Amino acid sequence: MTEAKGNISAPDTGPGTMVTKNQLAGQYGRDGHRIVTGLQKSWRNHELIAMALIALSIALPLMVFLYISLRLNILWLIPVTLIVFATIEFVFKNRKVRDKDAAKLLNNQHPQLEESTALLLKPEQELGFLEKLQVKKISAVLVNIASSDARFHTSNPGFARIKKAILLLTLSIVLAITVYIIGPQLSWGSQQINNQQKAGTDQKPEKVLPSINGVTVTIDPPAYTGVATRNQQRLNVRAEQGSKLTWQLNTKGNPSLVQLIFNDSTVLDLESINKMPGAWATEKRISSNGFYQVKIDNELSEFYQLEIIPDKQPTIVVQTPKPATLIEYGQSQQVSLNLVLTDDYGISSGNIVATIASGNGEAVKFKEQKLAFNQFEPGGKEYKLNKTFNLPGMGLQPGEELYFYISAIDNNKQETRSDIFTIKIEDTSVLMSMDGIMSGVDIKPEFFRSQRQIIIETEQLLKGRDTMSKETFNNRCNDLGIDQKLLRLRYGKFLGEESETNIGEDGNIGHDHDGEKPKEGDEHDDDHDEKISVEDFNNAEKIIDRYAHKHDIAEDATFFDPQTKKDLKAVLAEMWDAELRLRTYKPTDALPYEYKALRLLKELQQKSREYVAKTNAKTTPLKLEKRLTGELDKIVERSNSQAYQALPQKELVLRNAMTILDEMKEQILNNKNDPGNQGLVTNKADNKTDNKNPNYKNPNNKNPDNKSVGNKQTLPVLSNTELEVLEQTAGQLSLKASADPRLFLPSFEAIQRIIKNEGSFSDLITTGKALQMIVKPSTRMPKSRESAPDMKLSKEYFINLNKSTRGS
Amino acid sequence: MSYWNYLAPVLSLIFGGYLLWAAYRRPNKKHKHLRALVSLVAITCIYLLYLNISSDKKPVNEGSDEIIILTTGSSADTLRKLLSAKPASKVYTTEPGIAAANSKAILIYHINEIPGSEKKSPGIMDDSSTSNLNSTSNLGSTSNVVEPAIKKIHVLGYGLEVNELKALDKSIIFFHPPLIKRYFSSINWNRQLNIGDKLRIQGSFRNMEHGDLNIFLQGFNTILDSTQLPGDQLTTFQLQTIPKQKGRAVYTLLVLDGKDTIQKEKIPFETVTAAPIKILVLASSPDFENKFLKNWLFANNYGVAIRTTVSMNKFNTEYLNISGIKADRINSNLLNNFDLVIGDATALNKLSGGELNSIRSAVQQDGLGLIIKVDSITLSSLFFNEPFRYIQSGSLNNQLLHLQGADTSATMPVLTATRPMFISNLEQVRPIIMDKEGHLFSASAVSGNGKLLSTTIANTYNWVLTGDTIAYRQYWSDLISETSKTKLVPDQYSIDPLITITDKPAIMTVESADSLPFQARVNQSFIPLNQQFILPFQWKGIYWPRKTGWQTIVSNDSQSFYWYNFGKADWNDLLAVKKITANEIQLSQSTDKQISTRTAIANGFQRHTRLYIILMFVICCTYLWIEEKFHNSR
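The listed protein sequences derive, respectively, from chains U and Z.
At position 236 of the first sequence the residue is numbered 236 (the numbering used here), and the sequence of numbers has no breaks.
If you want the numbering used here, it's the 1-based position in the second sequence plus 808.
It should be emphasised that the hints constitute simulated quantities derived from the structure, not laboratory data.
All values reported here derive from a predicted model rather than from experimental measurement.
Hints may contain errors.
[To be verified] Output of the computed footprint for chain U on chain Z, the stretches with three or more beta carbons under 8 Å from beta carbons of chain U:
1. 1001–1014
2. 1024–1034
3. 1104–1111
4. 1275–1282
5. 1290–1300
6. 1354–1364
[As the list claims (entries may be wrong)] What the simulated footprint calls covered on chain Z by chain U, stretch by stretch (three residues with Cβ under 8 Å from a Cβ of chain U suffice, anywhere in the stretch; the number is not a length):
7. 1082–1093
8. 1328–1341
Note that the Cβ used here is the ideal one computed from N, Cα and C, for glycine as well.
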């Protein structure tokens, strides 16, 4: 009741109701209106609480699932709940409780209100006379109802919804708990957990000597790895290379001697700790794979693995630039270097070691400098680094070369160096020099000179550009283009291209290939001053040449080998480009092409120098009649006899051992199987029984032999020769085991047990498998075909066949 | 149960009468006759259905004129069905194991012991079969007469042996083989192989279920080869590996369905070292080809005599792993020491006529092998060139040869050759080595009793120089094995069947040059062998292996031969299917195969009649219902 009162008085302070309150001045409707709005409010509150509960019951299982699968903090529950709440609120916003709804509810619940509660909500001014009367009557009734009914405020659909929501919440809590318990088993759990579990199951159980109470092996990896010291209770060790291992053994009683025997050879004594009885310890730094045994007094344990995780060298991957970069005239003199450095434990330094080589011949000078990367901070495992070489800034002149390599050092002081990269700026002055052209075999000097000349003239033209008129400039530029064209045509001739022998002559009318006036050629001081002289009148070829149109000359095409032709073609392509720029009055743009053409020509010239001429050698002619007629009577024929001393074949021992092991295995299996496989009438259904072999009771077990036979089976007794073979095999296996204990140590132990006749069936299998792995596949050897003895029947047949064929 | 037989028709009559009364009493007189008729039909249908169903449950014949013989693989379900049909049938078996497992089974030692199982004349048999049919179709009959004559013999399981079948009257045998859905229908492999040879397992597997299976070859717990067996079909497969051990071993053949092992069978075999061959090499000049060949053969303990011409009639001779002979003159005595002669054509051509003749007769009479390394001497008048014709390649120098074995098409590394020569592929030659285009480089031909092989490749040592010794060994193994003299083995053993089973007879056959009475010792027990009349070098005997595993035969000359005897559980399905097929063939050959098919038809008809009855009943009810509905809606 008090609660109800509080609710009734609540609307007084509500700003929303203030307006209606003022308008509803009538004394009758006031209380009734209050009651109706109060009901509406409590209804609305109930709805909100229910909604919050629903939101919580949705969010809770969701959150538990997220917690298991993504390891999300459980505190996220609050925001998730709020989000769900907001969503529900948004979806059901048209289900808002209005005062009309409250009136309707009252009408439905209380028939004595005569369906007139809505009138209480109307402003007084709008009420008619009858309505006013009704309001008066109804509000009295309503007040009566509200005061008499204790559950007036809870008897609305909102309250019922709260009840339902509580039920839902209970269900969702149950669901959340179920998810929490079952979830991890359904492997929703994160990958990390799975890996840990796997690692756990991967380790096979190990046997320790009965006199050992407890073992602690402390693995202290080297500092550079950054891996923390760890303890383990197992004797099989997998540790980082260079780790310090400390063994602490607790023994029963007080043995006089506790030792570790490494790789069947090195012995390490354990020392008693503080003279405490039964506490022993020793330490050793391991750097290679191997295995060891524990020896207490005269008791030897099984073999334990020592496996090291080697430290890898840092790797360097250079993405740009290419191994050799040539910066040509006009290109940007900046080179950017991009690379990736990676290491397993961390890189302590990464540098560029750059060398600038300047000068040539005996005056060559080297300047080495170490460049650091700006972004590098030591200790990381992976870096993406870049550096831009500003070549002029580094003092690199044209013609000089920059060599550099990248060196990375990891935390273990292991250094890796990349390949050497070279960057070279093209030296145009070398191209212009006459070295190598003046001396030696001068095959095509004039052409080189011409290309050089064009370059010089282009540069002069550019220098004098300001002093001449535009027209003159353009003309001279065009002239240079013509020069370039002439030069190109000459080279084209070597390739058997179409050429004009008579450039700069008249009379070539009617066949103008390039649409240029022949006169223009005249102005140039090219050495093409062929004129038809009087003597040539009889020279038909010359006359034909003048008027005929000669296309590609096949004969010319065979002058050079394919490589030279290819190079020449490249030269021509550059010349084309140069000519194009010159003819369009852009000498500045033409220069790089001119230089490139010159460089290529120069290379061509260098190549032609590698040619070595053939020299003739004269031998005296043979007298054929005297050949092979020497007297050889007194020459003793050489004869040599040898027998192969077969070395003891290691492989053969292993091959024989495989057979011995397999036969032992067969014997055990057959002895086991023979007594019990007679009756086949079983009580199973027709098809199933007959399809399956009764021996295989566990079809899921991949290796039924192993288990069905059991490990208690005693092995057949071996003969001495067989034992000898197995002992030799054990010797070879021990070498393998010390190199790779993880793979071969179990088989080494197994074969030792077999030799001592303590082995089990699974030992045979382990050893056989290891041998199959070790032995190399055998290769074929020639063999003769075999035939069965047939009392010479086939031979008789053959002889008779011969006779009959001869007879016919 | 029996009073139902009276109650059912009475009930049906009462119910039918009521329905008739109801039909005629109905106010709506329309279709009243039709309705009455349909009601009667429906009631009859119900009654028939009752009869039909009860006939299934009821024992058809309670006399013990049927017997059941259980063999290996018989299913308990079938037995139960048969016994519930005729509880008085006697159950026999010859297998102690089955007798132990099944209390009803009477253990006998031979089928003959079954009383009344003797063959009868076809006339009586015909009679019995018809009466049989009558009894099955006559639903209500209950004949309790015990007849001494057997009318039916049910054989359950994989079936009887052929001789056992002969003892029985085949025409009254009803064979109930189990259905085997996944089985090896055939299998074979090379049981003895030389070191370095491939173990090849070939067979076929019938997989009559959906879903692919995987077959694995496992040796020393290592998977060596595998392939897939697709569902719903018969697949032939081949698995192969080069075994690593020397001696006997048992590999395993696994058939897996996902992770389930369906079958696991043993593959026993033996690897032996090949007996070294003695080779005479005749060379016209020292060269690398001979030097490498000599070194390789020498290191593998092969006997090699190599005679190299160093000057006119002057030779450098080397005897490797061979002693007591002189190869300065070639005659038949010298050649008897060798299995193979390798010579270049020039060297052979330079031999005197007598020497060449002795080689010729050794080849043609005694089966000596001759490998000719072809050079410029290609005259076909020489006997060793007779079968071969050579074609000079027209192509330029430094041609790359992509060689491969003609049989195996195993590719070999590339060789370069200057103007190589091809051997024309005539019908008398057998291709050994060819290139991708099919040009022959090595070919063999038969010459009398022996073989000639001609090869035009002269630089195989390049393979050794590049480190590919495998190709080199392969090449020379192919050539030498193809050509060398056939070796006579003193004894040759074979065992029939190929898969012998413990406590089942194994027939041993020995072929021996020894004409003395033959006796073999198998696992320390002497087995007398019987000389065959037509082939006097063949001796046969029967051995009953008592234990699973390797069995040893030691013959007169104390040579050992091994064979593997399988256990009773090995190759079960393969043998079972074989036995079932054999039984079915035997039974189908009998005169009266129709019986089983006839009963099958009768059964089929019965099954269908039930359907018809139900259909009829449904039609009747539908008519009654629709008529009612139609009338009411009007």
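Each hint tested on the structure:
Only residues whose C-beta sits within less than 8 Å of a C-beta in chain U count toward coverage, and the stretch 1001–1014 of chain Z has 4 of them, enough to reach three; the restraint holds. Interface restraint, the stretch 1024–1034 of chain Z with chain U: holds (4 residues with C-beta to C-beta distance below 8 Å; minimum three). Judged by the Cβ-Cβ criterion of 8 Å, the stretch 1104–1111 of chain Z is covered by chain U as claimed, because 5 of its residues qualify and three suffice. Only when three residues or more bring their CB closer than 8 Å to a CB of chain U does the claim for the stretch 1275–1282 of chain Z stand; here the count is 4, and the claim holds.
Requiring three or more residues with a Cβ within less than 8 Å of a Cβ of chain U, the coverage given for the stretch 1290–1300 of chain Z holds, as 9 such residues are present. A stretch counts as covered by a chain when three or more of its residues have a beta carbon under 8 Å from one of that chain; for the stretch 1354–1364 of chain Z and chain U the count is 4, and the coverage holds. Under a criterion of three residues with beta carbons nearer than 8 Å to beta carbons of chain U, the stated coverage of the stretch 1082–1093 of chain Z is upheld, 3 such residues being counted. Only residues whose beta carbon comes within less than 8 Å of a beta carbon in chain U count, and the stretch 1328–1341 of chain Z has 0; fewer than three means the coverage is violated.
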